[in-house]
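Each chain, letter by letter, is given below.
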Amino acid sequence: MAVSSSTQLGCGRDIDDVWATIDRPPSAHEQTCPFCGPARASLLELERATAELRTADDEDPELQAGPQVVARILEVARSEARRSRRLPLSKPVAGEVTVDLTVSEQAVATVVRRAGDRYGGLQVRRCSIEVVDDPQPPEVTTGERRPVRIPSDVRVSLRVSVGADVSIPQLSSEVRRAVIAVVDEEVGLNVVGVDIVVEDVHDV
Amino acid sequence: MEIEDREALTAPGADPHAEHEARGGVPGEGRGEPEGVPRAGQAGPAPYPGGLAEATVVGRAQEGDLEAFELIVRRYQGPVFRLAYRMLGDRGEAEDVVQDCLVLVWRKLPSLTDAQAFHRWVYQLATRRCLSVLRTRTRRRTDATEPEELEADLPLDEASDPASLAQHHAQLRGLDTFLRRLPDEQRACWVLRELHDLSYPEIAFATNLPVSTVRGRLARARQNLAKGMSAWR
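The listed protein sequences derive, respectively, from chains A and B.
Numbering follows full-length UniProt numbering, in which position 10 of the first sequence is assigned residue number 10; successive positions increment by one, without gaps.
Numbering follows full-length UniProt numbering, in which position 28 of the second sequence is assigned residue number 28; successive positions increment by one, without gaps.
Quick caveat, the hints were computed from the structure, so don't treat them as lab data.
Owing to the predicted nature of the structure, the values given are computational and were not obtained by experimental measurement.
Note that beta-carbon positions come from the ideal geometry of N, C-alpha and C, so glycine has one too.
Among the hints, a few may not be true.
Said to hold, decoys possible - EDC-like cross-link-like pairs, simulated, lysine to aspartate or glutamate; straight-line CA separation at most 16 Å:
(1) Lys-108(B) / Glu-63(B)
(2) Lys-91(A) / Glu-47(A)
(3) Lys-91(A) / Asp-133(A)
(4) Lys-108(B) / Asp-184(A)
(5) Lys-91(A) / Asp-134(A)
(6) Lys-91(A) / Glu-130(A)
(7) Lys-91(A) / Asp-14(A)
(8) Lys-227(B) / Glu-47(A)
(9) Lys-227(B) / Glu-45(A)
(10) Lys-227(B) / Asp-117(A)
(11) Lys-108(B) / Glu-185(B)
Stated by the list, open to error - Distance ranges between label pairs, derived from CB positions:
(12) Arg-140(B) / Val-197(A): 15 to 21 Å
(13) Ala-56(A) / Asp-184(B): 18 to 24 Å
(14) Arg-107(B) / Glu-47(A): 35 to 41 Å
(15) Gly-50(B) / His-29(A): 27 to 33 Å
(16) Lys-227(B) / Asp-23(A): 53 to 59 Å
(17) Arg-135(B) / Ser-167(A): 25 to 31 Å
(18) Asp-184(B) / Ala-181(A): 56 to 62 Å
(19) Arg-135(B) / Cys-11(A): 33 to 39 Å
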């Protein structure tokens with residue numbers, strides 16, 4: 001295709017060939033060729049100017065979107081926030097029709113991520129929480145025949161990235177314990193299992 | 001807000017030009033240019049707070065985590081603005097691109113199948129938005145824009161430059177001027193490569209062109225810029 005390319009120089013070489021070796025000393029051909037020599041010089045000048053333009057652009061505080069633009073984007077995102085599933089805080093109780101107390105899956109995920117973030121070498125990427133159905137809803141009553149709230153059983157699934165130097169089995173068991181404790185304390189759900197999938201390694 | 005849905009439909013994984021990526025590029029050539037390894041002294045993507053990997057932040061945002069999305073917005077608003085500003089030469093339009101692009105990111109995040117592909121995906125959305133603005137602009141105008149007219153968009157405050165910096169600024173202005181005279185698609189390829197460190201396959205993805213075409217556009221862009229600058233000097 002590119003035979004008649006307009007980037008071909010008078011000597012038959014392509015300007016891309018000159019560019020490809022611009023960081024090396026000029027070849028014997030380039031030192032004497034009346035086409036390659038000037039092409040090389042102007043490409044070098046372009047490279048210098050490019051580096052300057054780039055630095056100037058990157059450092060220019062004016063070359064950013066204004067804070068009101070950022071605020072508008074976040075506003076749109078908030079107004080279109082994806083609602084997550086609601087999880088019942090308590091197991092269904094015989095005689096009760098509705099589950100009135102729920103927590104969003106996202107709120108629980110935030111608690112879990114925050115717990116995970118405390119471990120160096122671990123980044124929780126994905127976190128989902130499933131309610132584990134009880135095959136036989138308990139009929140627990142007190143002496144006064146008032147139902148007692150029993151926390152729902154949930155299974156937490158994590159997809160994580162770990163640092164290159166961590167011991168995965170050790171970290172997993174620590175994280176498992178921490179997740180069970182924090183979800184119990186801060187949310188009041190009973191974590192019956194934590195599945196951890198290591199999907200990536202960071203800081204390699 | 002005008003959103004082009006087809007922009008996001010070619011999310012990574014569904015790239016019609018993936019085969020070009022596989023075929024394109026001649027590795028190990030000269031300065032290792034085609035594969036676009038970040039050059040020495042030029043940082044890759046700016047890190048996120050707490051050393052979070054981009055795939056982590058993206059994964060969280062995909063689950064609807066607004067805090068993670070805010071990190072993404074703060075990380076990318078500058079680069080997308082600079083890309084749009086160099087493509088369009090207008091602050092207001094560049095800010096519109098930032099807004100449209102990042103809102104689209106939020107809306108389309110759930111359909112992104114590979115969090116690792118996020119970086120080039122954002123550049124794809126931003127580049128297509130810019131090219132679409134430029135097409136609209138061309139259609140709207142009865143005759144082609146004169147370069148002089150474009151330059152008037154960006155007034156340069158000569159008086160405020162200290163004399164010692166005059167030469168430096170003159171040179172930047174030279175490149176800046178010739179950059180604005182490049183055909184849109186040449187300019188897009190050049191800006192993505194030289195100011196944003198995208199690899200040839202990433203540029204091909206962003207512009208929806210085969211890698212071989214990207215290579216040709218870049219060569220022509222460099223030739224035009226180098227020629228313009230030596231003549232100008």
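Against the structure, the hints:
| no. | hint | in the structure |
| --- | --- | --- |
| 1 | Lys-108(B) / Glu-63(B) | holds, 12 Å |
| 2 | Lys-91(A) / Glu-47(A) | violated, 67 Å |
| 3 | Lys-91(A) / Asp-133(A) | holds, 9 Å |
| 4 | Lys-108(B) / Asp-184(A) | violated, 34 Å |
| 5 | Lys-91(A) / Asp-134(A) | holds, 8 Å |
| 6 | Lys-91(A) / Glu-130(A) | holds, 13 Å |
| 7 | Lys-91(A) / Asp-14(A) | violated, 74 Å |
| 8 | Lys-227(B) / Glu-47(A) | holds, 13 Å |
| 9 | Lys-227(B) / Glu-45(A) | holds, 10 Å |
| 10 | Lys-227(B) / Asp-117(A) | violated, 53 Å |
| 11 | Lys-108(B) / Glu-185(B) | violated, 25 Å |
| 12 | Arg-140(B) / Val-197(A): 15 to 21 Å | violated, 52 Å |
| 13 | Ala-56(A) / Asp-184(B): 18 to 24 Å | holds, 23 Å |
| 14 | Arg-107(B) / Glu-47(A): 35 to 41 Å | holds, 39 Å |
| 15 | Gly-50(B) / His-29(A): 27 to 33 Å | violated, 53 Å |
| 16 | Lys-227(B) / Asp-23(A): 53 to 59 Å | violated, 21 Å |
| 17 | Arg-135(B) / Ser-167(A): 25 to 31 Å | violated, 55 Å |
| 18 | Asp-184(B) / Ala-181(A): 56 to 62 Å | holds, 57 Å |
| 19 | Arg-135(B) / Cys-11(A): 33 to 39 Å | holds, 38 Å |
Checked against the numbered hints listed earlier, the structure breaks hints 2, 4, 7, 10, 11, 12, 15, 16, 17; every other hint is satisfied.
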